[in-house]
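*Asks:* All chains, full assembly: derive it from the sequences and hints.
Going down the list, the sequences are from chains A and B.
Throughout the first sequence, residue numbering follows numbering that gives the first Met the number 0, covering 0 to 233 in sequence.
Throughout the second sequence, residue numbering follows numbering that gives the first Met the number 0, covering 0 to 637 in sequence.
In case anyone wonders, no lab produced these hints; they're calculated from the structure.
Using N, Cα and C, we set each Cβ at its ideal position, and we do this for glycine too.
Be aware that one or more of the hints could be misleading.
Simulated pairs of lysine to any residue, SDA-like, Cα-Cα distance not exceeding 20 Å [as the list claims (entries may be wrong)]: (1) Lys344(B) with Gln61(A); (2) Lys356(B) with Gly23(B); (3) Lys344(B) with Gly56(A); (4) Lys86(A) with Asp523(B); (5) Lys67(A) with Phe347(B); (6) Lys344(B) with Gln57(A); (7) Lys67(A) with Thr350(B).
Per label pair, the in silico range of CB-to-CB distance [as the list claims (entries may be wrong)]: (8) Asp23(A) with Ala2(B): 53 to 59 Å; (9) Gln17(A) with Glu180(B): 52 to 58 Å; (10) Ala210(B) with Pro215(A): 57 to 63 Å; (11) Gln27(A) with Gly522(B): 38 to 44 Å.
Here are some of the chain B residues that sit facing chain A, going by a computed Cβ distance under 7 Å [to be verified]: (12) Pro53; (13) Leu54; (14) Lys496; (15) Pro499; (16) Asp536.
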Amino acid sequence: MAETVSLEIDGQQVVVEQGTSLLDAARQIGKDIPTVCYHTATTSNGLCRLCVVEVEGQRLLQPACIVKAAADMKVQTRSERVTRARKTILEMLASTMDLSEASEVLRMMEDYGAVPARFPATARREAVVKDDNPMYIRDYAKCLLCWRCVQVCADDAQYTFAINFSGRGYETQIATFFDRSIPETTCVLCGQCVGVCPTGALKAKREYLLERGMSPEEIGVLSSGKKQRREKRN
Amino acid sequence: MLADQERAGLRREIEPFVALGRSGLLPALYAAQQLHGWLSEPVVAAIAAALRVPLADVHGVIEFYTLFHNKPVGKRILSVCTDLACALRGGDGVLEHLCRAHHVRPGQTSADGGITIQSTPCLGLCEQAPVALVNDQAETHIDVANDSYELGRPRSIVGGPLRLLTANCGHGTTSLQGHGEYSAFKKALAMKPEAVVAEIKAAGLVGRGGAAFPTGVKWAGAASADGLPKYVVCNADESEPGTFKDRVLLIDDPHSLIEGMLIAGYAIGAERGYIYLRGEYPYILPVLESALAEARSAGLLGTSLQGSGFCFDIEIRLGAGAYICGEETALFESIEGKRGFPRVKPPFPTTYGLFGKPTVINNVETLFNVPLIIQRGAAEYRRIGTEKSPGSKLFCVSGDAGRPGVYEVPFGITLRELLDLADGVAEGRPLKAVLFGGAAGAFATSAHLDVKLTFEDLRAAGLPLGSGVVMVFDDRRDLRDLLARLGRFFAHESCGKCYPCQLGTQRQKEVLERIAAGNPLRGDPERLQDVGWTMTDASLCGLGQTAATAVLSAIQLWPDLFRPGRSPVQDSGRGRAKASPPPRRQPRKKTKPGISRRLAKKTIARRSRAGASATRSAARKPAARRPRADQKKVRRSQ
Numbered sequence: 000m001a002e003t004v005s006l007e008i009d010g011q012q013v014v015v016e017q018g019t020s021l022l023d024a025a026r027q028i029g030k031d032i033p034t035v036c037y038h039t040a041t042t043s044n045g046l047c048r049l050c051v052v053e054v055e056g057q058r059l060l061q062p063a064c065i066v067k068a069a070a071d072m073k074v075q076t077r078s079e080r081v082t083r084a085r086k087t088i089l090e091m092l093a094s095t096m097d098l099s100e101a102s103e104v105l106r107m108m109e110d111y112g113a114v115p116a117r118f119p120a121t122a123r124r125e126a127v128v129k130d131d132n133p134m135y136i137r138d139y140a141k142c143l144l145c146w147r148c149v150q151v152c153a154d155d156a157q158y159t160f161a162i163n164f165s166g167r168g169y170e171t172q173i174a175t176f177f178d179r180s181i182p183e184t185t186c187v188l189c190g191q192c193v194g195v196c197p198t199g200a201l202k203a204k205r206e207y208l209l210e211r212g213m214s215p216e217e218i219g220v221l222s223s224g225k226k227q228r229r230e231k232r233n
Numbered sequence: 000m001l002a003d004q005e006r007a008g009l010r011r012e013i014e015p016f017v018a019l020g021r022s023g024l025l026p027a028l029y030a031a032q033q034l035h036g037w038l039s040e041p042v043v044a045a046i047a048a049a050l051r052v053p054l055a056d057v058h059g060v061i062e063f064y065t066l067f068h069n070k071p072v073g074k075r076i077l078s079v080c081t082d083l084a085c086a087l088r089g090g091d092g093v094l095e096h097l098c099r100a101h102h103v104r105p106g107q108t109s110a111d112g113g114i115t116i117q118s119t120p121c122l123g124l125c126e127q128a129p130v131a132l133v134n135d136q137a138e139t140h141i142d143v144a145n146d147s148y149e150l151g152r153p154r155s156i157v158g159g160p161l162r163l164l165t166a167n168c169g170h171g172t173t174s175l176q177g178h179g180e181y182s183a184f185k186k187a188l189a190m191k192p193e194a195v196v197a198e199i200k201a202a203g204l205v206g207r208g209g210a211a212f213p214t215g216v217k218w219a220g221a222a223s224a225d226g227l228p229k230y231v232v233c234n235a236d237e238s239e240p241g242t243f244k245d246r247v248l249l250i251d252d253p254h255s256l257i258e259g260m261l262i263a264g265y266a267i268g269a270e271r272g273y274i275y276l277r278g279e280y281p282y283i284l285p286v287l288e289s290a291l292a293e294a295r296s297a298g299l300l301g302t303s304l305q306g307s308g309f310c311f312d313i314e315i316r317l318g319a320g321a322y323i324c325g326e327e328t329a330l331f332e333s334i335e336g337k338r339g340f341p342r343v344k345p346p347f348p349t350t351y352g353l354f355g356k357p358t359v360i361n362n363v364e365t366l367f368n369v370p371l372i373i374q375r376g377a378a379e380y381r382r383i384g385t386e387k388s389p390g391s392k393l394f395c396v397s398g399d400a401g402r403p404g405v406y407e408v409p410f411g412i413t414l415r416e417l418l419d420l421a422d423g424v425a426e427g428r429p430l431k432a433v434l435f436g437g438a439a440g441a442f443a444t445s446a447h448l449d450v451k452l453t454f455e456d457l458r459a460a461g462l463p464l465g466s467g468v469v470m471v472f473d474d475r476r477d478l479r480d481l482l483a484r485l486g487r488f489f490a491h492e493s494c495g496k497c498y499p500c501q502l503g504t505q506r507q508k509e510v511l512e513r514i515a516a517g518n519p520l521r522g523d524p525e526r527l528q529d530v531g532w533t534m535t536d537a538s539l540c541g542l543g544q545t546a547a548t549a550v551l552s553a554i555q556l557w558p559d560l561f562r563p564g565r566s567p568v569q570d571s572g573r574g575r576a577k578a579s580p581p582p583r584r585q586p587r588k589k590t591k592p593g594i595s596r597r598l599a600k601k602t603i604a605r606r607s608r609a610g611a612s613a614t615r616s617a618a619r620k621p622a623a624r625r626p627r628a629d630q631k632k633v634r635r636s637q
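*Replies:* Okay, here's the thing in structure tokens:
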């Protein structure tokens, strides 16, 4: 029998297994703490800071996806400091990149009353869509820098290490070695990165082309010419 | 692809680092960069293959650090500081003047590839502003109007009533002989390691890098932690704008640092130490290397030291242009050959530090206190300072102070007394504000002049002691310009990992720049507060957590600064150089190379014969700040 821990979340007593994160502990009582960078298949880095909660006795807000429940902890998941931080982070995201396909983030913005136009006259992240391989496109104007793609390509899953970062700070971007095209890297087109991308930044090429109004037949011709050859044989 | 000869040449340069694998990446990149001045794609691919590091990872590392170049740069790289203290002395004008003289724009390389001129964040030479770095050499006291500057070993300007930490500072590099052959280390070796830790605890020493964590507690934690090997790391990445004390300590008295690290290693059971030196102090590297060689020759580093079983040696690692690498866990990442992203804490370095092993990481000044404490004993050490803030502290006074420099004072003197030591405000002008603690600090006004400089008193007054920065601003200064520079600094240095800081420092910069331009938008003070408090409350590391402290304190003190209806920042507030373009800079009278070092050596020999007390009384008055007529125009070589 695993040891349990008893703590208080938003005034409610909760008993959880030892080693449970505050995020999971809250979910056990139906409280959904918002997250962006968190994913069950990747190492938690606690970098988006959307999941921060207020823990009594701690000077700073704590990332719920990382901090483990401890005996007699008193946690507030929506205190004034927490909501101010979440709302501001969301507003800053809205002023930085294209959130049109980040449905979860858009929902959070509604929940926290975030004003998309709060920060006018900002340097936005613009990018040209990178379409350099048969399997997926990269639209970094939509990239949230959640790190998940880099992680699954590295030691969280694939050990392929095809992508990393360029720049620093606000100018950070996901990049390949000297900006080489995907076929020139170690990428094996496994699709793991596309699978964990929370926005439309990484998208299957087929989906991308369908969205642009191409028909499945046209895409078939484009991709391999197999369809054409099949028709000729008949 | 590299030609065979090129490949062989490169291999020779990086050979010493290949065995280190990933951890050898930054040294290997530095060595390779020396060959052509920059890192081309085939060179980087060869390094990645030799060290067995994924290509994309190596690319990511180069992109993170400003001192690595993956595009061609000039043979000479002239980096002009335009941060706070240099801005007050016309740093912008120096940049402008030099760009005009060499026909390039800031950040650009000349057509013939001879020179790149760029602005750079604080170079740690604030008391000698305005300054620049030319490849590995420092240019200080740049005087555009008279077309002169000082080149070579920067001066050490030390003042204050105490000379405990700065006993060997102010007269060139102190040799091993001049230092005294590590008597405190020898005394420690005769004690049990636990007793050494206990003595540091009893002395009440706390960290001097800004976080002020109790050093004895840190050492005890590492000593009792599981895991081998353990490490001692010296954080010599001094990059907080307005801080230059570690620079002076390192260049004038490297042996005190080595001795402090030896004692720490002995206390916690570590055999390896690292000194992480910021890349913008390249002129200190040869001084440290010489001192380590001296110590090894004298059997004070290496194996079976002083006949005991204790072994300890030290490796130097050079930073590559990232203020964030002064954060302890980001520093570890850097030594490990990665981008300088801070780690989540807990776990703390004492249990999971460098290479995941128990590590003690201390600031340079903190380690200088260690031999003092062991030599004198905790009780004697505590006779200076206050009950809660024992010992002495180095303050870095710069800006509009009468005599900028490093001042060693006992904890407990007031801000007024410290400013008096530094000759008050230059030209007797009224004081407008003092920035405490650096860019990550807060503003004080004349209302705070009688606050005692102790941890407890400053905390009560809502001011951070930080690394000891005391930057003075007179009544002429437009603080909006300073705030915009602070904003640019943090945006430039944010690592980009966590959202509050990656986004917040950029948003903060944008608002501060509008305010400095006289165009604030409605709601800007509220934007600054929301962004500021979000960064303070929710950032992953100390950089983001303190990026808004100065701004938030300014909003409290001078709310009108942030409201519309003001004209943009005027030139006089920035301290620009004179308008008329001066003639192209010419080298002036050159002294014989090495003369300063020979003179310094003579002086040290004379002083050690005379005895320590003579040194202390002689060093009581700081060197005159204003250079003599002949000194000003001389370009001093090392």
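*Asks:* Hint by hint, note whether the structure agrees.
*Replies:* Comparing the hints with the structure gives:
1. Lys344(B) with Gln61(A): holds, 10 Å
2. Lys356(B) with Gly23(B): The given pair, whose Cα atoms are some 18 Å apart, holds under the 20 Å limit.
3. Lys344(B) with Gly56(A): The given pair, whose Cα atoms are some 16 Å apart, holds under the 20 Å limit.
4. Lys86(A) with Asp523(B): Holds: Lys86(A) and Asp523(B) sit about 16 Å apart, inside 20 Å.
5. Lys67(A) with Phe347(B): holds, 15 Å
6. Lys344(B) with Gln57(A): holds, 13 Å
7. Lys67(A) with Thr350(B): holds, 18 Å
8. Asp23(A) with Ala2(B): 53 to 59 Å: holds, 57 Å
9. Gln17(A) with Glu180(B): 52 to 58 Å: Between Gln17(A) and Glu180(B), where Cβ atoms are some 53 Å apart, the hint holds.
10. Ala210(B) with Pro215(A): 57 to 63 Å: Between Ala210(B) and Pro215(A), where Cβ atoms are some 60 Å apart, the hint holds.
11. Gln27(A) with Gly522(B): 38 to 44 Å: holds, 40 Å
12. Pro53: Hint on Pro53(B): holds, closest Cβ of chain A at ~3 Å, below 7 Å.
13. Leu54: holds, 4 Å
14. Lys496: holds, 5 Å
15. Pro499: holds, 5 Å
16. Asp536: holds, 5 Å
The structure fails none of the hints (numbered hints given earlier).
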